[in-house]
Amino acid sequence: MAYLKGIWAGFNRYRYLLLNLVSRDIKVKYRRSALGVVWSVLNPLLMMLVQYLVFNNLFGMGNAENMQINAISGQPPNFAIYLLSGQLIFSFFSEATNLAMDSVLGSASLIKKVYIPKYIFPLEKVIFSFVNALFSLIALIIVFIFTKSTVSAWLALFWVPMVLLFIFNLGAGLILSALTVFFRDIKHFYGVVLTALNFLTPIFYTESIFMGKSGFIEQYMPLVLRMNPVYWYVSMFRRLVVYSMPPTLSQWIGCIGWAFVALVLGLAIFKKAQDRFILYV
Amino acid sequence: MAQPIVQIDGVSMRFNIAKEKVDSFKEWFIRKAKGQLRFEEFFAVKDVSLTIEAGDVYGLVGLNGSGKSTLLKIVAGVLKPTTGKCTVRGTVAPLIELGAGFDAELTGRENVYLNGTVLGMNPKYIDQHYQDIVEFAELGEFMDVAVKNYSSGMVARLAFAVATITKPDVLICDEILSVGDFLFQQKCEVRMRELMSGGTTVLIVSHDIEQIERLCNKAAWMRRGKIVIDGSCEEVCEAYKTGAQEMRERE
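From first to last, the protein sequence lines stand for chains L and W.
Per the numbering used here: the first sequence = residues 1027 to 1307.
Per the numbering used here: the second sequence = residues 14 to 264.
One should not assume that every hint holds.
To be verified - Each computed DSS-like pair below joins lysine-lysine, with the alpha-carbon atoms no more than 27 Å apart:
#	chain 1	residue 1	chain 2	residue 2
1	W	K93	L	K1297
2	W	K98	L	K1138
3	W	K45	L	K1213
4	W	K98	L	K1297
To be verified - So, partial list: chain W residues that the calculated Cβ filter (under 10 Å) puts toward chain L:
#	residue
5	G23
6	S25
7	W41
8	K86
9	G103
10	F155
11	M156
12	N162
13	G166
If you're looking for bench data, these hints aren't it; they were derived computationally from the structure.
All C-beta atoms in this analysis are idealised placements derived from N, C-alpha and C, irrespective of residue type, glycine included.
All chains, full assembly: derive it from the sequences and hints.
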């Protein structure tokens, strides 16, 4: 109890630092750009546009028969919505974990001179990415209006998968940031992992493309996808926002389970490693 | 008698000096398997015990590499000692390297808030003292300029102004009174004296032995991670001035 109280007192004292670091990141990100924070909305929109042109027109991924049906309209959702929703969740994951990974090393000058609870650094990066993801939601709203897509009351729960992913990102970020201090290789390796995870998440394709195929890889693909934690957050988000349906039980278990496992592991590893950071940064 | 504000009990700080740097997984596993993960041990601070009472102005003297800065970092909570225990009863403001928390892209004003919160201050508190900080740093017209365009003296002045705006229980100074021109140095000393008269306990590392004699009431002389002598400032400074030279010659 006294231990938890100590952690809370520390957090309370440094919560303004957390806010200041997040606002610093936002300011520095858009300093000297003419459009400034508008880029947070414009960037996902343009990215989506490029992917739309490539995957819809070139590869025909946006075929209506590949899509699940929206529960209310009885129609498959617009491919633009499908793309953007997946992209939004995946970029939150990749940006948060990537930034968190470098956060402790990047704050070496501070860590060496002042006492600050070390978890502040990965936590700050995850919050910063969360704020970015919230800005990107505006892009999603714009596309919703533009394509006159159907929404339901389930849309109101859009934040649930995002908050659960926040917890997962924090756990993963704690693990990555702690290990990177001791093994810089992780930095280089993680880029490959992110690309692999990107392809193992149905962002520009639908799961149904594996249906009815007899090839060895196609047979096991749905199973492989389900081992990817990001898959669960994307599918829960889409279920609420794109398909107007309540999340399934396995989505709940997948999202909460991964978040819990990542956070517990992350806290344990970080706590064990943090006193030795200073000797390696 | 009241409890001492800083209590250092048998503190040692060991660093492993890797002879060859191992920072890839492959290398590490190979060496671990072969049992070749050997380091040279180096004690920057070895079995040091010190007691500092509230209100003391404590000077640490010693040659380069004697462990003074390491000891300060342990008191500041930046380093965790390998063995032993360091207890500080109260808030600590470290002036170890000025401007450590500054972001070069941000303006002076933004950095005041960032650096203040790095030191654990409340933004409201910084609001109230913002004018004092600007006046002390003499940077009135430059506060909205990015810090990357500041001169090094300007950065140091701003950092000192932010760090000393609170009245911490313990103030830790590592060679920082040598920043800026002589006028600003005098100003810093005045500010330090104000803090001391307000009851702040101060720990100073300096190579300027006259400065130590002028400011401190107690001191300790460190040599190779150990305390040679501690006690009243005059005694220690006297011993250090004569002793350090002798020891060097004997070697």
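Tested hints:
{"no.": "1", "hint": "W:K93 to L:K1297", "in the structure": "holds, 13 Å"}
{"no.": "2", "hint": "W:K98 to L:K1138", "in the structure": "holds, 20 Å"}
{"no.": "3", "hint": "W:K45 to L:K1213", "in the structure": "holds, 22 Å"}
{"no.": "4", "hint": "W:K98 to L:K1297", "in the structure": "holds, 19 Å"}
{"no.": "5", "hint": "G23", "in the structure": "violated, 18 Å"}
{"no.": "6", "hint": "S25", "in the structure": "violated, 14 Å"}
{"no.": "7", "hint": "W41", "in the structure": "holds, 7 Å"}
{"no.": "8", "hint": "K86", "in the structure": "holds, 8 Å"}
{"no.": "9", "hint": "G103", "in the structure": "violated, 14 Å"}
{"no.": "10", "hint": "F155", "in the structure": "violated, 18 Å"}
{"no.": "11", "hint": "M156", "in the structure": "violated, 15 Å"}
{"no.": "12", "hint": "N162", "in the structure": "violated, 13 Å"}
{"no.": "13", "hint": "G166", "in the structure": "violated, 19 Å"}
Consistency with the previously given hints fails for numbers 5, 6, 9, 10, 11, 12, 13, ordered from lowest to highest.
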